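Chains as they are written, first to last, in the numbering used here: chain A, 1 to 588; chain B, 1001 to 1291.
Simulated from the structure, these hints should not be mistaken for laboratory data.
On a predicted model such as this, the values are computed, not experimentally measured, just so you know.
Possibly wrong hints are sitting among the right ones.
Only pairs whose alpha carbons sit at most 30 Å apart, straight line, appear in this in silico DSS-like list of lysine-lysine [claimed, not checked]: (1) K529/A <-> K347/A; (2) K359/A <-> K1175/B; (3) K396/A <-> K347/A; (4) K529/A <-> K518/A; (5) K401/A <-> K347/A; (6) K396/A <-> K1175/B.
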Amino acid sequence: MSSVNLASARIWRGTPQALLACVVAIGLAWIAPGEGYYLNILMQAATYAIAVSGLVVVLGYCGQISIAQAAFFGIGAYGVAIGTVDFGMGFFPAMALGVGASAILGVILGFGSLRLGGHYLAMVTISFQQIMTLFATNWIGFTHGPDGIRDIPRPSLLGISFANGHAFLALCFVCLVLATLAIWRLKTGRLGRAMQAVRDNELAAGTCGINVFAIKVTAFGISAVMGGIGGALFAGGFQYISPDQFSFGESIVLLTMALLGGVQSPFGSLVGTMVLVILPEWLRFLKQIYLAVYGAAVILIMVFLPDGLWGLMLARVIKRSKPIEGTVAPLPLLSERGKETAEIVLKIEGLAKHFGGVKALDGIDLNVRRGSVHALIGPNGSGKSTFVNVVTGLYKPTFGKVTFAGQDITHAAPHMRNRAGLARTFQNIRVFRGMSVLENVMVGAERPGNDIAENPADVVDRALAALEFVGLRGDAHRQVAALSYGHQRYVEIARALAASPQTVLLDEPAAGLNLTEKHELGELLRRLKGHGMTILIIDHDMNLVEQVADHITVLNFGRRIADGRPADVLANPDVIAAYLGEPRHEAA
Amino acid sequence: MATFLQLLFTGLGIGAIYALVALGFVLLIRAASVVNFGQGQFSMVGAYLLVVFFNVLEVPYLLSMLISVVLMAGFGVLFAGATYWPLRHRGGLPVIISTIGASIFLENIVLVLYGPSPEVLPGLFDSPGIQVGPVFMDSQYLSILVCATLLVILQYLIFEKTLLGKKLQATSQDKEMASLLGIPVALMILFTFGYSAALGGLAGMLVAPVLFVSVGMGGLIALKAFAANIIGGYGSIPGAILGGLALGVAETMGASYISVPYKDAFAFAMLLMFLMVRPQGLFGEKISEKA
Chain A
1 MSSVNLASAR
11 IWRGTPQALL
21 ACVVAIGLAW
31 IAPGEGYYLN
41 ILMQAATYAI
51 AVSGLVVVLG
61 YCGQISIAQA
71 AFFGIGAYGV
81 AIGTVDFGMG
91 FFPAMALGVG
101 ASAILGVILG
111 FGSLRLGGHY
121 LAMVTISFQQ
131 IMTLFATNWI
141 GFTHGPDGIR
151 DIPRPSLLGI
161 SFANGHAFLA
171 LCFVCLVLAT
181 LAIWRLKTGR
191 LGRAMQAVRD
201 NELAAGTCGI
211 NVFAIKVTAF
221 GISAVMGGIG
231 GALFAGGFQY
241 ISPDQFSFGE
251 SIVLLTMALL
261 GGVQSPFGSL
271 VGTMVLVILP
281 EWLRFLKQIY
291 LAVYGAAVIL
301 IMVFLPDGLW
311 GLMLARVIKR
321 SKPIEGTVAP
331 LPLLSERGKE
341 TAEIVLKIEG
351 LAKHFGGVKA
361 LDGIDLNVRR
371 GSVHALIGPN
381 GSGKSTFVNV
391 VTGLYKPTFG
401 KVTFAGQDIT
411 HAAPHMRNRA
421 GLARTFQNIR
431 VFRGMSVLEN
441 VMVGAERPGN
451 DIAENPADVV
461 DRALAALEFV
471 GLRGDAHRQV
481 AALSYGHQRY
491 VEIARALAAS
501 PQTVLLDEPA
511 AGLNLTEKHE
521 LGELLRRLKG
531 HGMTILIIDH
541 DMNLVEQVAD
551 HITVLNFGRR
561 IADGRPADVL
571 ANPDVIAAYL
581 GEPRHEAA
Chain B
1001 MATFLQLLFT
1011 GLGIGAIYAL
1021 VALGFVLLIR
1031 AASVVNFGQG
1041 QFSMVGAYLL
1051 VVFFNVLEVP
1061 YLLSMLISVV
1071 LMAGFGVLFA
1081 GATYWPLRHR
1091 GGLPVIISTI
1101 GASIFLENIV
1111 LVLYGPSPEV
1121 LPGLFDSPGI
1131 QVGPVFMDSQ
1141 YLSILVCATL
1151 LVILQYLIFE
1161 KTLLGKKLQA
1171 TSQDKEMASL
1181 LGIPVALMIL
1191 FTFGYSAALG
1201 GLAGMLVAPV
1211 LFVSVGMGGL
1221 IALKAFAANI
1231 IGGYGSIPGA
1241 ILGGLALGVA
1251 ETMGASYISV
1261 PYKDAFAFAM
1271 LLMFLMVRPQ
1281 GLFGEKISEK
1291 A
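Okay, chain A solo, but in the shape it has when bound (with noise of 0.2 Å):
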């Protein structure tokens, strides 16, 4: 199988069977009634469904906590009923504005993420939607108020009436089937798996090009769209709206769908929303305390099924995916010879960095050729670790100037150093834990300014020359938490590798790793020495280190104390007391 075709199969993957949904689900429309109680289900558990659709990409794809959905589906729902109701608008134009102010306003939203995470965007969409039910019911000139909207009219399209029961429903379901299409495609494109990314891991995300931050705005812009559109359909749908029915309840009731069915996938989200809207059906005998069975089953499924009903199914239901046959090109860095030259690619001077009065760095000078393996090594505490997260961005220097290539990067982000052509990996392992051993390396591989980053079939070429490289080839399609610790490094590795960079620093890759691991982790530095790319490799293992290297820089105390060829720095007096104490002179 060669990548080439499997790449222009991935087009209109999924189109197919998409195209048979749509028929099937306007068959459905048909033969389900067109008026009264069970068309109101339907016509809900649609557009709930296109609404839920969207948390699966900000909640399951990125892992931005959303409470905000129901306020969304708001804003599209009075989007439609003003615009038709009180402007004459038609029904499509006034969905159109309704759909655009959700992600305008989604967007914003999204901003909240740029310094926060967690519970203090929860409390931020909290607030959000709180904000928009104030005014949804106060600015009753405007909304109409508690009373709501009525006699919301559906609109014809080319013709076609959608005025009955069967066309609108009809229109809700090719909607969902569309929306169910885009959104299981995107996990598994660019933007998808740098939303998953982000999710597992942002700081090794920002460090493979991605800027996380617009990753986020774009995962909260999109899922207020789907937000948005479904709010639209229900309001064409039910024809009348009130403020009620967009509440914070109703943002808890969306979440519940997407977790219940699995917010990895729209096709959970799917079954979450049908059992949710169904399930009073079921439970009418309950009466009162529904909702408080409700909350109840909230909690069991949070403990019991972690991944939904649908990641049930899945791990049920599907096989174990296969490795990935057919051969790769090897890495192009590797036809390479490139042995170390005079030019000075990574330039630091003065480089200090703070931490109240603890001086990590004290002002540390060091020059790394271009082609060269540069050791970095220094006894625990000595700022090894500090340097390197300072040099990628991740710290901000207190003083002193980084120049990578010739640009000064001391002020830029993570991201943007990444894109120069600086990879890195961490001490602890910093892989993408949701995604396969190939999807982590592909992130790696789509780094932006990488020659193959807009081409996915190179992309996966690469990442599996990547793979092979440090000898993971047969394990591209596990999961990369199923890996041994020592493998999940290399696939750290494979992951800077397949970025092609310039320049890739390894923190302390020797860390944890067993002597059987440390000896072939050397072989494999030496596979990469001598082919033109930089490493700068942190650590404090000698022997490693004494293998490899052209040159060795020492720190202690945050100062550089020796600089130089290896036996020159290793015979260092200086050295050897950091490193072993003051001589005893009793010792043999």
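Starting from the known structure of chain A, fit chain B onto it as the hints suggest.
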């Protein structure tokens, strides 16, 4: 000026309630890294317990409060067992969602038992209040302020001056290290849940005579307490107290001088403003993840 002072007094009173609930929040955040969205329902359940003991069983007022507070502590431990314990290794989000589930559960169970019509509780004192200069000090608001002050002092003493407090602090700072030192971390976390529920419950009992005792009373209080938390500085104890007071005052003034229907919006608007401009709050530290 007289109106201003009057509003200030009322605002501080209601702000003290937010502060108490916010304290409960902070303690759980610090001890267990749990954001408990059921915190407001603690207040609601506490107030209903007081209704049961005082209105129904006719136990003397202070004794009723005492019994209710003790029961709330036990309830907090149960709550932890259901929402936190099974999910403690799965990160923040699942616990947040399960506490949301618990809050829906609690509101609706109480709704089934007590119905939607609110219950009325008398104040702690029979006297309506005292006139101090231009300000009429309502006795219940005064009680709230006094109780809140006493609780803050008590909490300070417990946390700073006792071994239990030191263990709790150790637990909140570094669970692994604390357990290596032989501190029963699980017990400390359960204790914090219990304490936090008792605090929330007491806040509910204190505010009950001012508002009404209703199923929905807790939700809004908790949202504002959480807002107070962020305004004051996430995870900061003085921040929670000052944030709560500031929010109470801002909201009362806003309602009086700007708009009554949007009273509840001021808290959220203030929160959003803080989040955008100064997300670390008044007293918070900038938190950065270790690479």
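We went through each hint and held it up to the structure:
1. Annotation: proposed proximity of K529/A to K347/A holds, straight-line Cα distance about 20 Å (limit 30 Å).
2. Of the supplied pair hints, the one linking K359/A and K1175/B holds, its CA atoms being roughly 27 Å apart against a limit of 30 Å.
3. Of the supplied pair hints, the one linking K396/A and K347/A holds, its CA atoms being roughly 16 Å apart against a limit of 30 Å.
4. The straight-line distance between the Cα atoms of K529/A and K518/A is roughly 16 Å, inside the 30 Å bound, and the hint therefore holds.
5. Between K401/A and K347/A the alpha-carbon distance is near 8 Å, which keeps this suggested pair within the 30 Å criterion.
6. Using a Cα cut-off of 30 Å, the hinted pair K396/A and K1175/B holds, with the two alpha carbons roughly 28 Å apart.
Checked against the numbered hints listed earlier, the structure breaks none of them; every hint is satisfied.
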